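Which chain is which? The protein sequence lines are R and W, in order.
In terms of the working numbering, the first sequence opens at residue 180 and continues consecutively.
In terms of the working numbering, the second sequence opens at residue 2 and continues consecutively.
Keep in mind the hints are simulated off the structure, nothing from the lab.
Be a bit skeptical, because a hint or two may be false.
Derived pair list, reagent style BS3-like, types lysine-lysine, alpha-carbon separation capped at 30 Å [unchecked claim]:
| # | chain 1 | residue 1 | chain 2 | residue 2 |
| --- | --- | --- | --- | --- |
| 1 | W | K56 | W | K244 |
| 2 | W | K100 | W | K187 |
| 3 | R | K191 | W | K100 |
| 4 | R | K229 | W | K138 |
| 5 | W | K180 | W | K100 |
| 6 | W | K187 | R | K191 |
| 7 | W | K5 | R | K277 |
| 8 | R | K310 | W | K244 |
| 9 | R | K339 | R | K277 |
| 10 | R | K339 | W | K100 |
| 11 | W | K180 | R | K339 |
| 12 | W | K180 | R | K191 |
| 13 | W | K8 | R | K339 |
| 14 | R | K277 | W | K8 |
| 15 | W | K5 | R | K339 |
All values derive from a computational prediction rather than experimental measurement.
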Amino acid sequence: MKKLISGWTLIKLYTILVYAWMFAPIVAVVILAFNPQQFGTFPLEGFSFKWFVKLSQNSTIMEAFQNSLVLGSLTAIFATAIGVPAALAFIRYEFRGKDFLNTMLIAPIMIPEVVLGVALLLFIRWLQQPKSFALLLIGHVVLTLPYVLLIVQARLVGIKREYEEAALSLGASPFQTFREITFPLLAPAIFAGMLFAFTISFDDVTATLFWATAQNQTVPVKIFSMLRTSISPEINALGAVMIVLTVSIPLAAGYVARRFARGNTP
Amino acid sequence: MKEKPWKPWLLLSPSLTAVFLLLVIPVCFVVVYSFWLRAPSGQDIPAFQFGNYAKFFADFFYPVILLNTIRVALETVFICLIMGYIPAYFFYRTESRLKPFLMILVMLPFWISFIIRTLSWINILGDSGLINHLLLKSGLISSPIPMLYNEGAVIMGLIQYLLPFMILNIYVSLDGIDKSLAEAAKSLGCTEWQAFREVTLPLSMPGVSAGCLLVFVLTCGTYLPPMILGGPGNEMIANLIFKRVIGTLDWPFGSAISVILLLLLVIIVYTYNRYMGINQIFKSLSKG
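Pulled out of the complex, with its shape left as it was, chain W reads as follows (with noise of 0.2 Å):
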């Protein structure tokens, strides 16, 4: 075939320009209106100074949420873990005819509705909900236990949500394997403990990483969970940039609370780029 070096780019111009436009341009914007100005009659200045930035960290009420929302982050990634390393290395390791028919299932909450998945749990944790009914008709309590509304049922919002993404990447690194490994480890002398701990699992650390990465920043950008799920002590710091800039229209403040977000996760990625490569990421998402 004849290369004409102007081709690809041909191809590639209406998606180039559609995120230059309309991606590149506007993030830039708001680093740009993060140095503004709010007049106290609403109005935004052109300026350059750094008193947004300076408000957040004022006093304790901004941090104390971006804190709270690394937290949860934290929390979530290490529960998605626990809860999906071992469905992943069932998966690879099942000889079952049911197998595509259960990867199909791990991957079908993807298909379902977020903001369904996420209210989903008012009717299990609610007051008179599955878990509050069934321990009232049983008489092990006599008034409801309030599930709703912390912390907790946060996460286990956000654990609906991203365990998918977890179980996927772990599923692509050790789909990798090859299973002969571990049996010549075994034939070694190791016990399956033994060779799971010292080959498979290393082996299969790529894609552990890739997981928590994903589950982390998409933990971090969070808006609906602690809207439906969380008390006023759950916001998180997206809840903040929304009500800054929808709720009380301060731009230039609700910028610098943006860059501040992208600014955590840029340091994150960058540093995972660093060691680990991003490519992983998109190569088990890609998959789902």
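Here chain R stands alone, though its shape is the one from the complex (with noise of 0.2 Å):
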């Protein structure tokens, strides 16, 4: 029994090795940040916010930002708007051709971005359009597309399809029946999707490359610009913003989901 717990121990601390080795280069951009020298590199001397004063003067990485939260919410509604029909048809409906349609609708996650954004580039060049805003929204709302599929679908097999029927047995129109019940049960669903989405549009870099132009960069494509040069301590801040940011979203967004759907529960 002895050698078992010691097993164990050793399975314990290999995961936790596993979890500094993710986490520590993640650590390093938040305390870098706050480092006053001038590169961006250690030892640390002393603590200053005055990379993060800097950046917020940099008018190039403001606007990126701008854009980068305009693209992201109209992606997120975007793809949302026709994911969520599309899952329900999914979970709601049998028809023929029901699998294939869905690996099909979800395999372009399989594609690599690189493809994506040369396809989409090269059909938009023999339609003789020029680089636009709307090339990078439509761009997005594909690449996003079927993660919004995935999650919203894995939420809505949680619904029992019994809340519908007795609202309709009940004498419930079909439109009232999906306004006072399903949309309720599903508002998390969709929630998540946008969420998942925005992150996924706010953060692509490749098919952005692609895509973008010079009036419409976004923050990881600056901050890629950025890179060419050298590292930099306004790209840790900028980065420990953008960690900052990211993570709290999720997590607030998480705590305010689970407070609406205890609100609706009996």
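Mind docking these for me? Both chains are given alone in their own frames, and the hints should help you get the complex.
Here it is as structure tokens:
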């Protein structure tokens, strides 16, 4: 028995090491963002917000932030607007070719972004359209749609159909049933889908490098072009801001969703 | 509920239209373009010829990049598996109250910007990064060891990105295994290790193979880590495509390389699907 315990201790230790490995670089970015030194490197020499101040005065980054926010929000809205009905169709109905279509809609996850980037750009070129914000938005919707489908489908499976049938048998019209029963039950799933779409769009680099013009650069693309020269403390500061933002949004949203769900259960 | 046969199609039509118009047709365009000719003036001439493919395989330059890509992908799969299985097994067996928290931590990197996670390795591996700083300070070395801009650094970045996928895939598979099976094996005289090797490990193979496939496919299409952490010799196939299309505007040749990459992935995914079924991957992705 004693040997068993030591084996388990090793497993624990290993897991802790993997965690440390996974998070050390991320923690380093946040720590170095506060290093007042000229080069964003170790050792730490004090504590200062100067790079954050400098960041907030950098108008091109602020512009990129704005672009990213607008693009991410619009992508989230469009991707869920077309993704949620599709998820409903797959979970709530039986029809021919269902499995094939489901795989076809989700398979784009496996297609490399570079290929998607080339493909859409080639298509636009053939149509003789210039690169534009619309292209970027369309591309991001296609990019995020499979994830929205996966998330919403997984949540939908958990919603019992009996609730809807009960409402219908009690005399509610199909529309009333959707408004009063299905939609409130579905809301957390829709919300999760939107959040995921937003994050993926906000985060995307590779495909965006193909589609973006000089006017609608996003934050990651901006970071990428800044990196060409060297890693500056400003990049660490920007990284720290992005980490805090992208981590706190889903955590807060999860908290709100849980509160919301608890309020809904009788 | 009265079933109206057209209703699911109505619900599906926006997604299907979008994917068909913006993905299926454009990818077909790439295939068609890969047979076109590029005039010396830079114009693309419609044609049906295999010159672009012949150019790819004409000398060692391009195939070596393809082989490098496959090698890096295999190495990444292997290290992810070694690093990922034990934490996944830990989640399966632990009864700690911290388990939900630890699971969220595994998924946390999904929410953190990919480019930030990639470049964060510069702070660790760079000449004035954490490791060199500590080694210099302790007096073990007198000048920094170059650790960046090589294949090792690229793989570090790739694992950082892909390890959560591997852990989750294995965990989902492990989680479906009845713990009493291993208990039964032990009560019949197996040791803990034997019970794991003979019962739990084989039953977790669907998750292991799904994780491996996902990591392999995602590595093959990767663009950013070789760009940021790699040197000139660590180019992967995606970097080549980008350079040909955006850099030299050679659309037909860029298309041909894209088709080669797609074909490689299709063959692998198809083979996998024949034997394992692709749905396992989607199952664990939706948990993420």
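A quick look at each hint next to the structure:
With a CA separation close to 16 Å, the supplied pair W:K56 and W:K244 stays within the 30 Å bound. Proposed proximity of W:K100 and W:K187 is supported: the alpha carbons are some 25 Å apart, at most 30 Å. Proximity of R:K191 to W:K100 is assessed by CA-CA distance (about 12 Å); at most 30 Å being required, the pair is judged to hold. Among the hinted pairs, R:K229 with W:K138 is consistent with the structure: their alpha-carbon atoms are about 27 Å apart, no more than 30 Å.
For the suggested pair W:K180 and W:K100, the alpha carbons sit about 17 Å apart, so the restraint of at most 30 Å is met. Taking the CA atoms of W:K187 and R:K191, the gap is about 22 Å. The hint holds against a cut of 30 Å. A C-alpha spacing of about 16 Å is found between W:K5 and R:K277, which places the hinted pair at or below 30 Å, so the restraint holds. For the suggested pair R:K310 and W:K244, the alpha carbons sit about 18 Å apart, so the restraint of at most 30 Å is met.
Proximity of R:K339 to R:K277 is assessed by CA-CA distance (about 20 Å); at most 30 Å being required, the pair is judged to hold. With a C-alpha separation of about 28 Å, the suggested pair R:K339 and W:K100 falls inside the 30 Å cut-off, and the hint holds. As the CA atoms of W:K180 and R:K339 are separated by approximately 29 Å, the hinted pair is consistent with the 30 Å bound. For the given pair, W:K180 sits about 19 Å from R:K191 by alpha-carbon distance, which is consistent with the 30 Å threshold.
At roughly 20 Å between alpha-carbon atoms, W:K8 and R:K339 fall within 30 Å of each other, so this suggested pair holds. Distance check on the hinted pair: R:K277 and W:K8 sit about 13 Å apart at the alpha-carbon level, within 30 Å; holds. With a C-alpha separation of about 20 Å, the suggested pairing of W:K5 with R:K339 holds against the 30 Å cut-off.
Checked against the numbered hints given earlier, this structure breaks none of them.
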